[in-house]
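I would like the entire structure built from these sequences, with the hints used as guidance.
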Amino acid sequence: MKAFPKSRKAQITVFIIIGIILVLSVGVYTYLRTAGIKPADIFQPKAPPVVAFIDACIEKTTSEALSAMGDQGGYITLPDNIALDPTKHVNLIPGVGGDVAPKVPYWYFEGANQVPSIEYMEVQVENYIDQNLAFCLENYTDMRDEYIITELSGYSADVVFTEQETVVGLSYAVDIRPRGEDEVTSMEQFLVKLDVPIRRMWNLANDLLNAENEKTFFENMTINVMSSHSPEDIPFSGMLFECGRKQWLLSDIKKKTVRAIEPAVTGIRFKNTDHPPFLENDDDYRRVHDAVQDWRESEIRKPLRLPKDIPEDAYEYFQYYFDFTDNNYNDFKVVSTYKKEWGMNMLSTPNQYGVMKSSVQSLQSRIIQMLLCLNTYHFVYDVTYPVMISINDPDAMHKTGYVFRFAFPVQIFHNAPDRTLLPTTIIEPVEFASDVCEFFAPEEHTIRVRDRITNAELSKVNLTFQCLTIACDLGYTRTNNRHLQWSGQFPEGCYAPVISANRSGYLYTEKQHDGTEPFYIDMYPTQAVKFDVKRHTETAPGVARFLEPGMYAIINVESINPPLSVFDVFDSEDRFFTEETFELLRADATYQLSIMLLKKISEEEDRLVGGWVGNWTVSMEDMLDAEKVVFHIPQKFPTPTTDIEILGVYELMTNRTLFPELVPEIVRADEYIGEEEEQ
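Converting from the sequence shown to this note's numbering requires adding 293 to each position, the first position being numbered 1.
Incorrect hints may appear among the rest.
Straight-line Cα separation of at most 30 Å, DSSO-like style, residue types lysine-lysine; simulated pairs [to be verified]: (1) K633 with K539; (2) K827 with K921; (3) K353 with K650.
Estimated spans, in silico, between C-beta atoms of each pair [stated by the list, open to error]: (4) E456 with P569: 20 to 30 Å; (5) P471 with P569: 27 to 37 Å; (6) T434 with T370: 26 to 36 Å; (7) T809 with L940: 47 to 57 Å.
Read the hints as simulated data drawn from the structure, not as lab findings.
Each residue gets a CB set at the ideal place from its N, CA and C atoms; glycine is no exception.
Now the structure itself:
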């Protein structure tokens, strides 16, 4: 007994399909005659409608396969190692996950191209036709009143991608006899051609990917876009002449980069494709290029002489025009896309908990920088984000158009293009990836979090599982009647993840899971304290005074181990109008403390008049009931006016023997209440 594919109800009726094929037959017949190819039986006027219907179903089923393949980078069905790994694909429709939206795979990953071959794609289409053609034929339900149709074999498709079209041959034996007649039409082979040039599109995609790997066009463009921002927005290397330690938030820099990169990627034009024209011809831009090149290569440095009439869009031509191939693809439109919803991984070195600071070396050099109001900085960035390439043939599919897509990661390592290394593995977590976080490994794990000082187990600690760019919320520690802990399964597919612990009143902590069970994380307790600044003139050091109007203090408190950093600006009005606090360790700790006292002399000038720089050692007992910290700092009086007097502030700030009694004062809760009553 022969096994034939099962049928199901068709999505469109047989008569709609026949109508479509009759309308298209004249145009396709003309094309085949012009190309010198004998038309298939589908277009012969005497061919039975059943044959036309079979050919129409072959075309429809093949079109479905090609559409899915185009949306998913050459795959009709993505392999599990791509479909289940969000670092190897992007969602065609951002925000729609799971199996709803097509997933566009990376063609470059782990330092190598990973491209489906032409032969692999052909086999996928063949299998799709073999498995799905019956759904369109629907067992010829609507035609059996007029014809006796006898299937003599199953389906076996043979697909070939040529430069200009997709050719489908189908081996399928079937006898067709009109009811009431004796004449039988026997068919064994069917031939259908679709005007979809998969092979040329695949060639273009490979040309583009190979050129990107060689020339790192997208990486260079990204670095140029970032470096075109002012140091206030995206700092790289340089100096800033302003007082106070300069700080940037990595999250802010990332947002600015995303906002700039999204339109920049979309604006790229690809040479030898059908793209919007530039304002002038290539020769006008070439003259500009040659002038700059001659100037760079000249042994004797001479003034740069540019052509008189520089095209207005010269910048776009040189920065956003990708010369990726010598082949002619002028019948294709190529578009590159980056969407903010796909995320961007960014790491900056140095940074502490997402805060980037201008450099500070020794205490002596720190003071010199303070006196000169000079900030130096040097940051290196590791950046990874996906780009999707869409190749569009508007004339394909009977001029309804066909799009072939693939993706690759843009990779920058330490401010330089890098097409060989994996993306940096520490990178900040992106939004929770629900499709990944819902698949768990079978092993059970237990995590207990302890107070670093008392060794007591902690409840209500929020735990997060971090692996590469993925972050999954594990939940909270809670009692099991014996321990305060979290127990459960980790998301699958990650070796040695990082577990982060977060709880109010404790220092945020990360630790890499080493496989031990139970797994312990120790967290330092912290104490939230208010703060105040009081000044002591060198002529009356025993008298503590509040800041005058126009005065402000820049406070920087740092602990090396464990790493903790506090930065704030306190002015004369803050003691009345702010309840701001900062977190200090509720433990024995030594902080590097630097405070600058500045006075506004005019709208244009703030002058350094005092400060305190040195190590500040605090015991755990001091912090147990701490409510407030008062920073006592010496002030140069009268206000320094000459360079020698300003340099004298250095001695005042660092020489602890001059005013040994001027140290930070920790005010306990009961003392703080009394202080408030006195005021």
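Hints and how they fare:
1. K633 with K539: holds (28 Å)
2. K827 with K921: holds (13 Å)
3. K353 with K650: violated (60 Å)
4. E456 with P569: 20 to 30 Å: holds (26 Å)
5. P471 with P569: 27 to 37 Å: violated (56 Å)
6. T434 with T370: 26 to 36 Å: The hinted range 26 to 36 Å holds for T434 and T370, with Cβ atoms some 28 Å apart.
7. T809 with L940: 47 to 57 Å: holds (56 Å)
Hints 3, 5, counting from the list given before, are not met by this structure.
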